[in-house]
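S.K.: Full structure from sequences and hints, please.
For the protein sequence lines, the chains are A and B, in the order given. Quick note: the first sequence, position 163, residue 163 per the UniProt record's numbering, numbers continuous. Quick note: the second sequence, position 232, residue 232 per the UniProt record's numbering, numbers continuous.
Calculated from the structure, these hints are not laboratory results. It is possible that part of the hints are untrue.
Each pair may be met inside one copy or between any two copies, as identical chains are not told apart.
Straight-line distance between alpha carbons at most 30 Å, and here's what the computed DSS-like set of lysine-lysine pairs gives [said to hold, decoys possible]: (1) 46 x 58; (2) 377 x 58; (3) 135 x 2; (4) 135 x 193; (5) 31 x 58; (6) 193 x 250; (7) 30 x 307; (8) 17 x 307.
Spelled out from the first residue to the last, the chains are:
2 protein chains.
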Amino acid sequence: MKLSKRIQEMQHSPIRKFYVYSNEAKKQGKKVYQLNIGQPDIKTPKAFMEAVRAYDEKVLAYAPSEGIPELIDAIRGYYARYGMNYDRGNVLITNGGSEALTFIMTAILDSGDEVIVPEPYYTNYTTFIGFSDGKVVPLTTKAEEGYHYAKKEAIEALITPRTRAMVFVNPGNPTGSVLTRDEMRMICDLAKKHDFFIIADEVYREFIYDNGEMTSFGQYEDVADRVIIVDSVSKRFSACGARIGSIVTKNEELYSNLLKLAQGRLCCPTIDQVGSVALYNLDPSYFNEIKAEYERRRNVVYDELCKIEGLVCEKPSGAFYITAKLPVENAEEFLIWMLTEFDDNGETVMFAPAEGFYGTPGLGRSEMRIAYVLNEKDMVRGVELIRLGLEAYNKR
Amino acid sequence: MKLSKRIQEMQHSPIRKFYVYSNEAKKQGKKVYQLNIGQPDIKTPKAFMEAVRAYDEKVLAYAPSEGIPELIDAIRGYYARYGMNYDRGNVLITNGGSEALTFIMTAILDSGDEVIVPEPYYTNYTTFIGFSDGKVVPLTTKAEEGYHYAKKEAIEALITPRTRAMVFVNPGNPTGSVLTRDEMRMICDLAKKHDFFIIADEVYREFIYDNGEMTSFGQYEDVADRVIIVDSVSKRFSACGARIGSIVTKNEELYSNLLKLAQGRLCCPTIDQVGSVALYNLDPSYFNEIKAEYERRRNVVYDELCKIEGLVCEKPSGAFYITAKLPVENAEEFLIWMLTEFDDNGETVMFAPAEGFYGTPGLGRSEMRIAYVLNEKDMVRGVELIRLGLEAYNKR
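M.R.: Encoded structure:
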């Protein structure tokens with residue numbers, strides 16, 4: 001029996017494919033510092049499970065396809081605290097940010113339609129866009145320029161009659177870069193001029209450092225009909241396993257069509273929505289401590305990275321990732337060597353080789369992403385292991 | 001901004017679109033018996049929430065993309081009790097049966113590929129198949145023949161070089177029809193001869209009446225590489241809000257490709273998986289009482305339907321639905337009239353007009369589906385209301 005061309009062209013997760021090596025390393029008794037995925041060690045607020053435990057309906061019934069009203073209202077309240085006002089009919093609850101993005105791409109892309117995505121990018125965008133036979137048009141950025149992508153000329157050079165949208169993960173995964181207000185204004189003007197959607201993946205919204213200001217594409221009223229905000233409890237509240245995301249849009253025609261997809265999968269899990277109500281109702285002061293913790297980690301990681309000779313990277317301003325160019329030709333080969341050949345006092349480290357984050361073939365081969373999702377001490381040790389590994393690797 | 005043709009061609013849920021009328025009826029103080037959707041009133045086993053409440057991890061982390069091993073093993077144990085043996089690598093946990101079907105269609109269909117689906121069919125199949133630009137090829141059945149579809153000649157007449165699969169909801173939604181072992185054997189032989197996949201949607205597996213035997217396409221070893229079983233806790237354990245489904249297949253190439261899609265959406269909700277472990281570990285005797293309850297309901301519903309002059313329907317053998325032809329030209333118009341114009345002592349009833357369950361234009365216009373998801377007394381009253389309504393409607 002034949003499988004579809006579409007599925008055969010899709011890749012297995014470029015992050016997860018190295019698990020076979022790290023599992024082997026662990027079997028051999030090595031300690032492996034996992035800096036490769038965005039699974040924070042920050043405790044999930046107790047309010048989540050407290051709300052879940054209090055759930056006491058006799059029948060665990062389908063929820064409304066668009067989400068339970070309590071959660072929609074809690075999310076509206078959260079946005080209202082940032083001066084962004086939405087109606088109930090603007091918020092659609094989804095199975096994580098992943099489903100949100102799949103729905104959006106299905107709603108706006110026919111086969112061959114194009115989406116401009118700054119590269120390196122969160123690798124699953126290829127899958128989300130591939131579902132609809134759409135085409136990722138990468139906007140290339142460089143380690144040497146801090147992965148800065150908000151350049152008007154570079155964006156306009158990629159726009160074609162098939163351009164339907166541009167994606168902004170802001171603050172960025174995997175680079176941690178953050179847009180300024182001026183840059184966002186420029187992007188909104190481009191979207192109006194060339195008539196495309198702005199897909200604003202803002203799941204790291206609160207994680208902006210150096211006293212930077214939290215922003216959102218939802219704050220630009222003149223493009224409200226073309227802004228589609230993707231959101232999630234995963235990173236914001238360290239609740240990745242809840243799988244509760246949302247789409248927020250003031251475009252009524254889009255919302256109505258997205259609802260068809262939501263009805264097709266009936267609903268999102270009821271008790272996770274109940275738990276997420278408690279998360280969105282947390283006092284905003286909750287973020288102060290979390291943000292301070294991530295900022296400390298970023299600082300020590302960056303300082304430690306700077307000790308590595310030949311490494312190229314700028315200090316990122318948000319999210320909890322740093323992407324950097326290593327003094328090796330091939331970061332995948334180096335990672336496999338780190339897991340199979342290297343240890344320092346029985347310890348080694350896992351990072352995400354960045355080639356999989358690029359759409360342009362051949363780019364990113366010497367780059368890596370690390371997620372600062374462990375405590376300061378472990379992060380410092382993890383980066384130290386990369387440094388020690390590089391010294392040994394390049395001396396072979 | 002343009003939306004995709006694909007999304008614009010999709011329909012809103014044909015079941016849910018009548019809520020505006022039932023909500024209005026309720027506002028006017030009418031009691032509405034909801035026989036329209038498959039949301040059972042059977043209590044969810046307490047084991048589910050007990051397991052969820054006992055969950056005590058500090059960080060609600062991502063689960064493995066393929067599902068937590070405890071749930072995969074619990075599902076394997078459940079199948080083993082029916083003599084069906086699967087490895088861990090044969091079971092993929094999904095966000096309900098809906099995601100299972102979307103994944104399967106994505107994995108086997110390119111644009112224009114065909115799937116034969118007996119009609120009337122669960123309406124969301126159009127959405128699942130539409131995601132991949134596939135084509136539903138309906139195999140028409142009739143109320144007069146008890147919606148029987150296992151006819152070799154009729155099936156073979158629909159097979160083309162683009163046929164990739166045939167779908168069997170067995171026991172059936174919306175008809176309640178059940179395949180015999182001989183019919184399943186014939187279908188397996190056809191699948192081998194014409195090289196297509198058997199998509200076995202068996203979410204109502206235990207709900208077979210009149211001492212009928214539980215069967216599964218998973219019991220036919222000679223077609224193990226082409227059988228894809230879709231399963232779910234929703235109906236089996238009255239846990240629709242958990243959104244935990246699964247795909248079971250011994251086709252390793254298919255599984256490996258489905259895993260790409262699973263990795264794209266990262267994972268299913270962790271605590272719902274934890275709760276579902278407890279469901280699948282329930283003693284099989286759990287089903288005896290549930291089955292007996294549904295069988296009693298089916299009997300009273302069927303007896304009550306038989307009192308309606310001009311109604312055409314055969315007694316179904318499984319699931320918890322009955323589809324019947326009403327003595328009206330247009331069941332949608334009749335339903336809207338029932339909700340807006342009719343009441344008997346302040347009470348009326350909602351069913352699902354069956355036209356939306358047909359892929360062939362014009363068919364099913366006078367048919368309805370009712371789900372026997374309320375207690376016996378309410379079911380009898382609901383069908384009585386349909387009878388009283390019909391008498392008044394046809395006298396206008």
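S.K.: Confirm or reject each hint.
M.R.: Status of the hints after comparison with the structure:
no., hint, verdict
1, 46 x 58, "both (24 Å within a copy, 8 Å between copies)"
2, 377 x 58, "between (47 Å within a copy, 20 Å between copies)"
3, 135 x 2, "both (24 Å within a copy, 16 Å between copies)"
4, 135 x 193, "within (21 Å within a copy, 37 Å between copies)"
5, 31 x 58, "between (45 Å within a copy, 21 Å between copies)"
6, 193 x 250, "within (19 Å within a copy, 52 Å between copies)"
7, 30 x 307, "within (24 Å within a copy, 74 Å between copies)"
8, 17 x 307, "within (29 Å within a copy, 62 Å between copies)"
Violation of the numbered hints given earlier is absent; every hint is satisfied by the structure.
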